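Q: Below are the chains, spelled out letter by letter.
2 protein chains.
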Amino acid sequence: MRNIRLNIAYDGTKYCGWQIQPRDITIQEVIEKALSKIHKKKVDLIGSGRTDSGVHADKQVANFVTDIDSIPANRFRAAINSLLPLDIRVLSSREVPLEFHSRFNAFRRTYKYYIKLADVGHPRYRDFCYLVRRPLNLNLLNDLARELVGEHDFTTFAAAGDQAPTKIRTIYSATFYPEGEFIVFKICGNAFLQRMVRSLTGTLLDFSFKGKTPEDLRFILLAKDRSLVGPTAPARGLFLNNVEYPED
Amino acid sequence: MRNIRLNIAYDGTKYCGWQIQPRDITIQEVIEKALSKIHKKKVDLIGSGRTDSGVHADKQVANFVTDIDSIPANRFRAAINSLLPLDIRVLSSREVPLEFHSRFNAFRRTYKYYIKLADVGHPRYRDFCYLVRRPLNLNLLNDLARELVGEHDFTTFAAAGDQAPTKIRTIYSATFYPEGEFIVFKICGNAFLQRMVRSLTGTLLDFSFKGKTPEDLRFILLAKDRSLVGPTAPARGLFLNNVEYPED
Chain A
1 MRNIRLNIAY
11 DGTKYCGWQI
21 QPRDITIQEV
31 IEKALSKIHK
41 KKVDLIGSGR
51 TDSGVHADKQ
61 VANFVTDIDS
71 IPANRFRAAI
81 NSLLPLDIRV
91 LSSREVPLEF
101 HSRFNAFRRT
111 YKYYIKLADV
121 GHPRYRDFCY
131 LVRRPLNLNL
141 LNDLARELVG
151 EHDFTTFAAA
161 GDQAPTKIRT
171 IYSATFYPEG
181 EFIVFKICGN
191 AFLQRMVRSL
201 TGTLLDFSFK
211 GKTPEDLRFI
221 LLAKDRSLVG
231 PTAPARGLFL
241 NNVEYPED
Chain B
1 MRNIRLNIAY
11 DGTKYCGWQI
21 QPRDITIQEV
31 IEKALSKIHK
41 KKVDLIGSGR
51 TDSGVHADKQ
61 VANFVTDIDS
71 IPANRFRAAI
81 NSLLPLDIRV
91 LSSREVPLEF
101 HSRFNAFRRT
111 YKYYIKLADV
121 GHPRYRDFCY
131 LVRRPLNLNL
141 LNDLARELVG
151 EHDFTTFAAA
161 GDQAPTKIRT
171 IYSATFYPEG
181 EFIVFKICGN
191 AFLQRMVRSL
201 TGTLLDFSFK
211 GKTPEDLRFI
221 LLAKDRSLVG
231 PTAPARGLFL
241 NNVEYPED
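Each protein sequence line maps, in turn, to chains A and B. In terms of the UniProt record's numbering, the first sequence has 79 at position 79, counting the first letter as 1, and numbering is strictly consecutive. In terms of the UniProt record's numbering, the second sequence has 164 at position 164, counting the first letter as 1, and numbering is strictly consecutive.
The set of hints was computed from the structure by calculation and includes no laboratory data. Remember, it's a predicted structure, so these values are computed and weren't measured experimentally. The C-beta atom is built at its ideal place from N, Cα and C for all residues, glycine as well. Be aware that one or more of the hints could be misleading.
[Claimed, not checked] So, partial list: chain A residues that the calculated Cβ filter (under 10 Å) puts toward chain B: (1) Ala78; (2) Leu91; (3) Val120.
[As the list claims (entries may be wrong)] Cβ pair distances, simulated, as ranges: (4) B:Gln21 / A:Asp69: 52 to 62 Å; (5) A:Asn139 / B:Ser173: 36 to 46 Å; (6) A:Ala78 / B:Ser92: 42 to 52 Å; (7) A:Asn74 / B:Tyr245: 51 to 61 Å; (8) A:Lys14 / B:Lys37: 28 to 38 Å; (9) B:Ser173 / A:Ser36: 43 to 53 Å; (10) B:Ala160 / A:Ala191: 53 to 63 Å; (11) A:Lys42 / B:Ala78: 50 to 60 Å; (12) B:Ser82 / A:Ala223: 32 to 42 Å; (13) B:Asn139 / A:Leu117: 34 to 44 Å.
[As the list claims (entries may be wrong)] As a list, the in silico EDC-like pairs of lysine to aspartate or glutamate whose alpha-carbon atoms are at most 16 Å apart: (14) A:Lys167 / A:Asp225; (15) A:Lys14 / B:Asp127; (16) A:Lys59 / B:Asp119; (17) B:Lys14 / A:Asp127; (18) A:Lys112 / A:Asp58; (19) B:Lys40 / B:Asp69; (20) B:Lys59 / B:Asp87; (21) B:Lys14 / B:Asp24; (22) B:Lys14 / B:Asp127; (23) B:Lys59 / A:Asp119; (24) A:Lys42 / A:Glu29; (25) A:Lys14 / A:Asp127.
Sequences are here, hints too, so could you generate the full structure?
A: Here is the structure:
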């Protein structure tokens, strides 16, 4: 028995998120089907965490246990890719200790949210970002984002009906910066609530457009009141950028 | 009367090329409609040349004559963009001499063709490139491409039924190089036949996969026989990158 770790990238546009759903097609399901074809039996794939419907990944991490001896660990990449649609790609495969668990061992997650001015630059990549029509105030956005760093109860930014036992999360960094033709909001934390990054992004943009202050943001964070947030930014701009493990 | 020059970028995916067609929707048509709305009468837009169905542009150049005095030349950009779909963007607008003609005055055109290995890197931008499944031999591709430089009769690479009075074109440069996650084939010439860049790209890739030599390419160029070329590369990877004028 070997435990195989996969680093995976995907264009989530057509998928109902990572995690298997009763009705809709998901990324986990598509990869499990490829694994099951290789193994000629059902294989479970453990992911580092869910990504929401329409959200992408630069690097999602998952693992599965295999009883196939004939495929070297690093060759699972090509074997799985040959059975996957082109919007999901295994970037690498390697053997990890049997104890390795993609979700429990992950200690840090990073997301990148891509924003673009609707009227500037080339329109080609607009389906992978959020087009905004007003100029961005990067200084103010970064002043607002700084308020998120540290350990906070993020109830204000949780989705309605979120079942997480605690809404306390630790944010290590949160910054806006230009990257090519985009403005990126990069946020790194121990873990995130469902839709939390999109809610944060939408609120920071909304607050910056309205000229609100870091104090205003601190206030709504402490208020634990979902009615105070801005509109949720669309899924298409969000990428799970990295998941980190002690073994990396 | 003022002559206004536009630099335009577009995602050509949904359009039947630049030039107005009786039935299908084209980029020229969409921009002319915006101009006609601003002028409250029909306005003709002159482009530097056609791009084929599905082909994109980083910089297409076009001009139109206006009798509106109230809009400064550089404000036409925003006025037109406000009436365009998001896959067509005017990058700049400025006044040029009345003699300026986007097509007749253009002395050099540059195209970029984006290629990507299907199994490497992020799948997100795969609709804007040609995915190939075999590793590329950049040295051989550049040796082959070098054969294109100079003045040649490109009958071999013309589309069936091409009506151009002469198939002689001058190529100033033609190179393959890495750009981010892509391999780009960049070709610069005085003008190009319809589908010529895609036919050249497809043939160079095909020849490189088959280990053919620069002599083989020279042979088919001289043969003026369309049956000798490789498959035409798909439109989605092709960008009109630049059009140059003496005034630039």
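Q: Which constraints among the numbered hints does this structure fail? Numbers only, ascending.
A: No hint contradicted; all consistent.
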